[in-house]
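Visitor: Between the sequences and the hints, there should be enough to build the whole structure, so can you do that?
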Amino acid sequence: MKTIISLIAVLGIFSVNSVSAADLSKLVETNLKNSLQTENSMIKSDAINLAGDLKMDEVVIQLMKILKSDKNKELRILAAIALHKIQDDRGLFAIKQAIHFDDERCVRRACAYLSVTDVT
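Using the numbering used here, read the sequence shown as starting at 1 and increasing by one per residue.
Each hint can be trusted.
Cut-off 35 Å, straight-line C-alpha distance, at most; resulting in silico cross-link-like pairs (DSBU-like, lysine-lysine):
(1) 26 to 65
(2) 68 to 85
(3) 44 to 85
Cβ pair distances, simulated, as ranges:
(4) 73 to 23: 34 to 40 Å
(5) 22 to 108: 38 to 44 Å
(6) 20 to 65: 29 to 35 Å
(7) 42 to 113: 21 to 27 Å
(8) 97 to 57: 16 to 22 Å
(9) 38 to 112: 25 to 31 Å
(10) 118 to 27: 29 to 35 Å
(11) 109 to 29: 29 to 35 Å
(12) 116 to 23: 36 to 42 Å
(13) 23 to 113: 34 to 40 Å
(14) 38 to 118: 27 to 33 Å
(15) 57 to 115: 16 to 22 Å
Hint data in this document are derived by calculation from the structure and do not stem from the laboratory. Here a beta-carbon is modelled for each residue, glycine too, at the ideal position from N, C-alpha and C.
Guide: Structure, rendered in structure tokens:
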């Protein structure tokens, strides 16, 4: 009887944690999306890096917008790197477009390098 009660308690803890983990995941996604829209370049760069590291395909469109039109060339390069890590077809296409159409040579070169390298 004691073993059954312990098992029920453990299962209850795990079920609460799984719901909490889902809620936490949604909270992280929401905060990340908000951080990608901020004007603070430090926060935005951290969010871009995190999106790439977590391979969050939910933010591919936002990363593509940063790659295409952000004024900060370093953030555009970071967005290209994140898109490369995520490996979504739309993001990979955006990287190839940036090779030809970005105004900054360093962004074009970074995108060209990414387009011929494998994800590590």
